[in-house]
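> Line order of the protein sequences matches chains A and B.
Heads up, the first sequence is in this note's numbering, so the first residue is 1 and it goes up one at a time.
Heads up, the second sequence is in this note's numbering, so the first residue is 1 and it goes up one at a time.
Honestly, the hints are just simulated from the structure, not real lab data.
Once the Cα atoms are required to be at most 16 Å apart in a straight line, the calculated EDC-like pairs of lysine to aspartate or glutamate come out as: (1) Lys144/A to Glu99/A; (2) Lys85/B to Glu84/A; (3) Lys117/B to Glu277/B; (4) Lys199/A to Glu46/A; (5) Lys245/B to Glu301/B; (6) Lys43/A to Asp302/B.
Here are the computed distance ranges between Cβ atoms for each label pair: (7) Thr55/B to Ala159/A: 25 to 35 Å; (8) Ala113/A to Ala121/B: 13 to 23 Å; (9) Pro60/B to Ala80/A: 21 to 31 Å.
Listed below are several chain B residues computed to face chain A (Cβ distance under 10 Å; list not exhaustive): (10) Ser51; (11) Ala91; (12) Leu125; (13) Leu131; (14) Leu134; (15) Ser298; (16) Glu299; (17) Asp302.
For each residue, glycine too, the CB sits at the ideal point set by N, CA and C.
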Amino acid sequence: MNQTVHLNKPKRDVRSAETREGLPIAGRQLRPQARYVYITYPKSWEYVEGYGFLPVLKRIVAKPGANGVGRNGNVSRAVASAVEMGATYIDPKDSRLGEFQDYVRYYDCDTGARWYVDFSQEATILPGGEIIWNSAEANAEVIKFRAHLRDNQIVPGLAAGVYLWLLNRERNRHRNVSSRSGLNPHLTAQADALEVRIKAMETEWERMQSGAIAKANKDGTARKPRRKIAEVD
Amino acid sequence: MANEVTFTGLATSGGRVSSVLSSLLMETLHDPTDLRAVMTEVPWASIGSDSMSVTLDAAPGAFSAASSEISHGTAADNAAYTTSKFSLQVARYVRAYQVSDLFGVSGGPVDLEAVVKTLAAGVGLTMTDLLCALFNSVGSSVGATTVDLSTDTIYDAAFQLNSNAVVATTDAPLTCVLSPVGMNDFRQSLRSEAGAIQYTDASAAALATRGPGFQGTWNGIEFWQSDSCALINAGEDRSQAMFGKGAFAYTMAPVSALQGQIPAANILMDAGAVLVELSRDADNGLSKAISTIFPAVSEAEDLRACEIVSDA
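Please model the entire structure based on the sequences and the hints provided.
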């Protein structure tokens with residue numbers, strides 16, 4: 001027999017309070033960046049003001065089907081190909097990386113996908129769903145990471161030949177811009193900036209060389225080797 | 001006055017509806033760039049493997065002079081016949097849309113056919129994504145971080161390729177793929193260029209032969225634009241590239257080989273490299289169109305390409 005029932009505890013509908021988890025990409029023309037590892041090439045160097053010569057980071061992207069990356073995102077074949085071409089693989093597990101160890105980082109997306117970023121990237125999500133990245137601040141941290149790679153000899157040092165190649169490239173650019181600045185006055189400022197940059201590159205290289213010589217003198221590796229006379233029967 | 005026949009009155013009493021659906025189907029804004037045209041297609045011919053290796057033949061070498069009339073010296077010593085190879089490893093890429101029976105019954109300009117068409121259009125975008133993902137691993141690069149792209153950067157890349165013996169011809173011009181911002185910066189820089197070299201915008205005929213994404217020609221270089229060019233250096237820069245013919249290669253394993261595994265009635269579309277299959281959930285009144293491709297893109301020869309880094 002039916003009885004009168006009194007209901008006094010309505011259930012909470014958590015959906016009415018909108019929550020946002022991860023980067024909003026559902027239904028948007030946004031493609032999350034794929035997983036990656038860093039490599040550097042012997043000629044991939046650039047002069048960065050305040051830091052000197054830094055290795056330029058390149059990425060091998062773990063996109064299945066791209067450059068031999070396997071169906072499970074295994075990058076070993078792509079890394080091997082790059083190393084064969086002279087690249088240095090920056091192993092995320094290398095203990096010399098210190099605070100930068102496991103540099104491969106990601107944010108979750110609202111679709112369940114992962115958006116891989118540089119370790120220092122932070123995202124601000126506006127109420128409309130637009131994502132704004134802290135690119136300038138994050139890049140400053142990446143530059144410190146590059147300096148760390150150089151200072152801890154995780155990447156081979158800048159070779160003299162590569163330095164001269166970089167310097168000549170800047171000099172050519174300077175000559176080119178200067179020669180055109182007569183017809184294009186706006187290029188004068190660019191030519192001046194290049195001149196300052198070339199001077200800074202030369203100063204930095206001299207500083208590196210004098211540092212290397214001082215270190216060699218201290219270690220004794222710069223002493224003249226003893227002359228050896230071969231013993232002949 | 002009374003009993004006027006008004007829209008408001010009829011809308012409440014059923015004589016009018018507040019909104020009807022137009023039969024016109026408009027396209028949502030997107031970047032349709034398909035970069036398959038700038039890669040070398042290698043027909044899939046792998047048997048028993050998901051990977052196919054392609055050989056690069058040894059480069060011919062100049063002959064050496066014999067040291068004298070009666071001795072070759074070292075001239076006739078065996079020269080190394082140095083070949084190399086690259087691999088194309090295919091992986092499955094899928095996209096699916098699921099529509100309900102009510103969606104079908106209610107009709108409208110978006111029907112299952114439109115959904116299948118949208119799926120097929122995604123193939124080119126996938127190949128573009130795969131190609132652009134390779135730009136940052138190219139050995140040589142020009143440009144500088146946080147610096148806007150200019151005609152000088154383009155010249156640097158062209159000179160780098162020329163130094164590597166990548167010669168552009170009328171049949172095989174250099175290809176430059178830039179991000180939208182990179183393309184804007186390039187056009188901006190062109191405005192202040194003095195000289196007779198003219199930028200030629202893409203004509204309708206050029207678009208018809210090359211496909212969407214082609215922007216124009218300058219100095220023997222064909223320019224393409226794609227939003228797939230990856231952000232690098234913590235989002236400060238974009239990784240773009242200039243390359244000659246044969247720098248990148250792609251393959252697409254023919255999914256028609258799956259025909260024996262899929263009931264014929266379930267195949268909505270079989271276009272050789274792309275297959276759209278129907279999966280029916282009768283209990284819940286749902287039909288799922290699943291599109292599958294097996295692509296691979298690889299750098300065939302590193303020296304034929306040069307990365308262009310510029311401010312994002």
